[in-house]
Amino acid sequence: MRVIDGEKRYFSRSVSNFFRLNEAAGKIREEKNGKAYDGVEDFQQTVIPQWFKKNIEPRTPFAPQRIKVNYTITLDANAVPDGELVKCWLPYPRNRSQRLPKVEFLEASQGDYTIAPNETMQRTVYMEKKAVQDEETVFQISYLFETAAQWFGIKPEEVQVYDKNSELYKKFTAERLPHIVFNDHVKSLAKSVVGNEKNPVKQVELLYYWMNDNIPWAGALEYSVMSCIPCYVLENKHGDCGMQTFLFLSMARSLGIPCKWQSGWYLLPQTKNLHDWAEVYYEGVGWVPVDPSFKLIDSDDMRIKEFYLNGLDCYRLVVNDDYACELVPPKKFYRSEPFDFQRGELEWEGGNLYFDTWDYHLDFEYLPATEN
613 MRVIDGEKRY FSRSVSNFFR LNEAAGKIRE EKNGKAYDGV EDFQQTVIPQ WFKKNIEPRT
673 PFAPQRIKVN YTITLDANAV PDGELVKCWL PYPRNRSQRL PKVEFLEASQ GDYTIAPNET
733 MQRTVYMEKK AVQDEETVFQ ISYLFETAAQ WFGIKPEEVQ VYDKNSELYK KFTAERLPHI
793 VFNDHVKSLA KSVVGNEKNP VKQVELLYYW MNDNIPWAGA LEYSVMSCIP CYVLENKHGD
853 CGMQTFLFLS MARSLGIPCK WQSGWYLLPQ TKNLHDWAEV YYEGVGWVPV DPSFKLIDSD
913 DMRIKEFYLN GLDCYRLVVN DDYACELVPP KKFYRSEPFD FQRGELEWEG GNLYFDTWDY
973 HLDFEYLPAT EN
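First residue of the sequence shown? That's 613 in our numbering, and the numbers climb one at a time after it.
Keep in mind the hints are simulated off the structure, nothing from the lab.
This one's a predicted model, so the numbers in the text were calculated from it and none came from an experiment.
Built from N, CA and C at the ideal position, the CB exists for glycine as well.
Treat the hints with care, since some could be wrong.
Cut-off 25 Å, straight-line C-alpha distance, at most; resulting in silico cross-link-like pairs (DSS-like, lysine-lysine) [unchecked claim]:
1) LYS943 with LYS699
2) LYS782 with LYS810
3) LYS799 with LYS782
4) LYS714 with LYS680
Just the calculated beta-carbon pair ranges, DEER-fashion [unchecked claim]:
5) THR686 with MET914: 43 to 49 Å
6) GLY868 with PRO729: 27 to 33 Å
7) ASP971 with PRO729: 24 to 30 Å
8) GLY807 with PRO828: 43 to 49 Å
9) TYR622 with PRO729: 42 to 48 Å
10) GLU961 with THR658: 47 to 53 Å
11) PRO828 with LYS783: 28 to 34 Å
12) PRO950 with GLU809: 33 to 39 Å
13) GLU643 with SER778: 53 to 59 Å
14) ASP910 with GLY723: 24 to 30 Å
15) GLY723 with THR658: 41 to 47 Å
16) HIS973 with SER800: 40 to 46 Å
17) ARG632 with LEU718: 36 to 42 Å
Whenever a hint applies, use it, and build me the whole structure from the sequences.
What follows is the structure, given as structure tokens:
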């Protein structure tokens with residue numbers, strides 16, 4: 613709650629957060645309504661165990677999917693004056709790994725558009741359109757992408773000693789203020805969690821278990837109003853997926869473990885949403901996905917339980933391999949979301965157009981897999 617202009621204002625997610633974070637309240641709700649799985653939990657309990665029954669191989673992509681996406685941004689009527697040019701950046705996937713090998717652009721609402729190069733860390737489709745009085749301004753794109761699941765099953769003895777002189781190691785173990793931070797709290801906490809353990813696989817496991825047990829997911833304010841996200845998470849003992857990821861990156865990097873940001877959407881059969889997670893680099897293995905927000909799965913099979921400690925499902929739309937990068941073409945005004953990029957961005961000559969002036973919508977469908 614905050615007092616704004618003399619009135620008490622409650623965060624829109626305060627009620628749902630209360631039942632997530634208050635154990636007693638959560639139990640009362642369960643007793644009244646019964647335990648209910650959300651879409652992610654349902655997916656974890658029904659789909660992932662079936663994968664392991666098929667004897668999937670570590671590091672080998674499996675369960676390929678072809679997914680068609682229709683993405684729309686709709687600016688409110690009269691949000692800008694009649695005839696003014698509206699500039700729009702829509703999220704577009706990167707194909708960069710075995711888990712997302714192909715992206716195919718299908719169509720756009722505007723004949724003139726620009727697709728950012730694949731090496732762009734926050735990839736976009738850029739379009740412009742003049743506003744018409746009393747009419748909504750709509751931008752739409754459609755594309756399909758191919759994706760696959762991957763589970764690494766990394767063992768501590770499989771990784772090599774880091775080459776600390778490599779550019780990769782230096783870049784991805786560096787502090788990056790304000791949200792990858794090595795303050796005394798972060799450093800001392802990370803060291804206390806891992807203790808005397810020196811192997812990076814075991815260290816990441818210890819960090820993951822600690823976050824699973826101590827930092828529950830909860831809805832949070834926009835990142836643009838946060839001065840230091842890991843500080844916020846440690847002070848409040850909760851955070852959303854991106855906040856959990858920033859804390860994980862800060863703690864892991866402070867221990868000398870190379871890791872980086874990744875984000876976009878999950879498009880599960882049961883549910884869809886914006887999502888952020890991490891990748892950790894192990895010498896001799898490469899980049900391995902780590903999703904702190906999807907947590908440990910309730911299972912006696914350790915492969916299932918720890919799936920998201922070193923694996924990722926086949927329903928990820930990867931838009932970002934970094935955060936707070938310049939868009940293509942560069943945006944003139946301060947972004948609505950200056951760090952992550954999943955919803956899109958709009959502006960006109962008069963300034964940035966914030967989220968309260970427009971809506972975004974993603975529709976998707978699964979297509980038959982292509983034959984090899």
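Item to check | Violating hint indices (sorted, rising) | outcome: Result: hints 8 and 14 break, sorted rising.
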